[in-house]
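On the provided structure of chain L, position chain Z as indicated by the hints.
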Amino acid sequence: SQQGEEDPQALSIQEGENATMNCSYKTSINNLQWYRQNSGRGLVHLILIRSNEREKHSGRLRVTLDTSKKSSSLLITASRAADTASYFCATVFNTGNQFYFGTGTSLTVIP
Amino acid sequence: DAGVTQSPTHLIKTRGQQVTLRCSPKSGHDTVSWYQQALGQGPQFIFQYYEEEERQRGNFPDRFSGHQFPNYSSELNVNALLLGDSALYLCASSLIDSNYGYTFGSGTRLTVV
Numbered sequence: 001s002q003q004g005e006e007d008p009q010a011l012s013i014q015e016g017e018n019a020t021m022n023c024s025y026k027t028s029i030n031n032l033q034w035y036r037q038n039s040g041r042g043l044v045h046l047i048l049i050r051s052n053e054r055e056k057h058s059g060r061l062r063v064t065l066d067t068s069k070k071s072s073s074l075l076i077t078a079s080r081a082a083d084t085a086s087y088f089c090a091t092v093f094n095t096g097n098q099f100y101f102g103t104g105t106s107l108t109v110i111p
Numbered sequence: 001d002a003g004v005t006q007s008p009t010h011l012i013k014t015r016g017q018q019v020t021l022r023c024s025p026k027s028g029h030d031t032v033s034w035y036q037q038a039l040g041q042g043p044q045f046i047f048q049y050y051e052e053e054e055r056q057r058g059n060f061p062d063r064f065s066g067h068q069f070p071n072y073s074s075e076l077n078v079n080a081l082l083l084g085d086s087a088l089y090l091c092a093s094s095l096i097d098s099n100y101g102y103t104f105g106s107g108t109r110l111t112v113v
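Protein chains in written order, with this note's numbering: chain L, 1 to 111; chain Z, 1 to 113.
No lab work stands behind these hints: they were computed from the structure. Just so it is clear, CB atoms sit at the ideal spot from N, CA and C, and this is done for glycine as well.
Label-pair ranges, simulated between beta-carbon atoms:
hint : chain 1 : residue 1 : chain 2 : residue 2 : range
1    : Z       : 82        : L       : 26        : 25 to 33 Å
2    : Z       : 18        : L       : 39        : 26 to 34 Å
3    : L       : 16        : Z       : 65        : 46 to 54 Å
4    : Z       : 84        : L       : 52        : 34 to 42 Å
5    : L       : 51        : Z       : 20        : 35 to 43 Å
6    : Z       : 41        : L       : 54        : 23 to 31 Å
7    : Z       : 41        : L       : 78        : 24 to 32 Å
8    : Z       : 27        : L       : 66        : 32 to 40 Å
9    : L       : 44        : Z       : 54        : 22 to 30 Å
If the Cβ cut is set under 7 Å, some of the chain L residues that face chain Z in the computed set are:
hint : residue
10   : 33
11   : 40
12   : 41
13   : 42
14   : 43
15   : 45
16   : 48
17   : 88
18   : 98
19   : 101
20   : 102
21   : 103
22   : 104
Extracted from the complex, chain L is given alone in its bound form (with noise of 0.2 Å):
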């Protein structure tokens, strides 16, 4: 499969802590995406990382790529009930060209 993978598939931590989760892919890639989802509607795009890039920031958001690992990872700081969702990674091979989604972190964030 194509599909990125998130690590871990559910998290839960205490309001005001960090939260990391992970996302390994195959192949070689053009950018890597990452999206938040409440509640099974739609997705929210966060963050786009290109693959000459190590690393971005977006607020309370980090995400690292590292291409000879073929993985990033996606941090969030100080978290908030708020940021309770689930969140995907997507890679794109090519500019244009379709994402590939993987199967998601749920994380909840306790007040």
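What follows is chain Z alone, placed relative to chain L:
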């Protein structure tokens, strides 16, 4: 500025029936992609439309077909519905060959009974 609009939000159909789902892309976007998301799974790519043509297709049978109109809106049609077609169907819009993320709609929840 409206994002991606999908209709209907929920739908219940009987096995063997046909269904049409609709999507209006975000203003300024010219490409529409459709995804199927089964419960507990990640979205699976069905196909992508650009300039009213199917540009790419995922591993879905011919029962799944689509259309894009001159105003960039799109329809997804599924014939001869199976129980396994029950899923959340997501529409995503973008600019062709853009290296930016998709904008997703809220989806249509299809239940086949």
